[in-house]
Amino acid sequence: MVKLSTLNALLALPALSLVLSSPLLESTDSAQLPLTNLLSSSASEQHEVHPSIFAALDKHDDPVDALLSLKPELEDMMAERRLLRIFGEGPREGVWMTEGDKLRLRREGKKFMDLTESQDMLESKFMAGKANTPELTHQRYIRPIFRDLSTSHMHDVLTKATSFFNRYYHAETGVQSARWLHDHIASIIAASPIGEFISLEYHTHRFPQPSIIARFEPPTRNASLPLTIIGAHQDSANYLFPLLPAPGADDDMSGSTSILEAFRALANRGYIPQRGPVEFHWYAAEEAGLLGSQEIVAYKRGLHANVGAMIEFDMTAFVARNTTPHIFLLENDADDNLTKWVVKLAKEYVDIPVNTSSLGAGAGSDYMSWTQGGYPAAFAAEGDPLSGGFPGDFDGYIHTDMDKMDIDDETGYFSLEHMLEFSKLAIAFAVEQAGWSDKHTRGDDNKRSAW
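Per mature numbering (1 follows the signal peptide of the UniProt record, and there is no 0), the sequence shown runs over residues -21 to -1, 1 to 430.
It should be emphasised that the hints constitute simulated quantities derived from the structure, not laboratory data.
Derived DSS-like pairs: lysine-lysine, alpha-carbon spacing no greater than 30 Å straight-line:
no.: 1; residue 1: K418; residue 2: K279
no.: 2; residue 1: K38; residue 2: K89
no.: 3; residue 1: K279; residue 2: K109
The calculated label-pair distances, taken between Cβ atoms and stated as ranges, are:
no.: 4; residue 1: R200; residue 2: A165; range: 15 to 23 Å
no.: 5; residue 1: F186; residue 2: G69; range: 17 to 25 Å
no.: 6; residue 1: K38; residue 2: P123; range: 53 to 61 Å
no.: 7; residue 1: P198; residue 2: G108; range: 19 to 27 Å
no.: 8; residue 1: D41; residue 2: T116; range: 52 to 60 Å
no.: 9; residue 1: V74; residue 2: P198; range: 47 to 55 Å
no.: 10; residue 1: R300; residue 2: T335; range: 20 to 28 Å
no.: 11; residue 1: Y278; residue 2: A340; range: 26 to 34 Å
no.: 12; residue 1: R122; residue 2: H163; range: 23 to 31 Å
no.: 13; residue 1: V74; residue 2: S337; range: 20 to 28 Å
no.: 14; residue 1: D315; residue 2: E175; range: 33 to 41 Å
Heads up, the beta-carbon is just placed ideally off N, CA and C, and yes, glycines get one too.
Work out the full structure: start from the sequences and follow the hints.
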């Protein structure tokens, strides 16, 4: 049984009045769970946990039993059959489990891919073709953009995004955080001198939290030109229990912010790709089994999209103590040729070392949705997960309430400067993949009014 003393030690949270903006807790039975009169939008209260949640966790060792004691009408949902590929164990085609088992797997620290809606991709022999790996020829366009990158902007984004109670895909706060991110991206586009060449959309799912796609269009649309994709996941989850806080600063608001800062700098510079569109993706529900990215891959396949290259950034901020900051390209289920090209790209443009490694058993992320769909994808992350013991050079606070920006202890520290190097890589990836159109862009780097 999980005792309150253990929970408080794990979570470092006061057992005070919670304000949860989650549909999972919007009970109409006040005698059963009197939470509806506690709703508030106060950011200072959003990380406080109601005693009833601690009580449920103290009483029930099983997270599903604890959840159903708070919200019994979720029983049918928890019993839904789901086809899950558990990373590092079991068959790649998955095993049939339940929605509730996903909570149990997370409690055990296991990552998985929910294949229930993607079984056709498992059976398909579709292959998109070889990765686009062009020669690196755009230094004169790329390097000046780095001057526009700002850790101050990144800090502001992280501060807001981590203020939500969590960004869980079924929670109202997960929807609110996605809406805020969408609106922030919209403000960047509105300030861009080439905003008419940038589109922004929600990609809605069968669950509440939407994914977000922003797209730089080339001067002339041509479906035969390859699509370049840069992605990260915007959701967060507390693996102990989904109704607990999950600020998710490193996992993965760091990656989301790194690519957002790259997007902002490109938009500010009037970037228009020459060789096909460039899309930035912020995925929903990665922690629920790569759900958002899998739906987007299925959508792109339905459009017969020609994806030349995809790269994901998942966890870009943490620097392990007594290590040199690195960018690591992780090779599991990634496209080998594209990974080698990204290593070459990073060595050209990034100011810290780059290396390759592999994910440990039981780990995975959204780039795997693309490789499963037959598209070439690569994966960049903050350190070597195989260095030393668990969790290697990765952040050990992820999936808890301690995944915050202020981490600086014997394990390592949260670094905006580290994140900025990934922003450089994202910019270089976009421009070297898709080129740079001299039409509609600033001719003189020092004259922002000339377009």
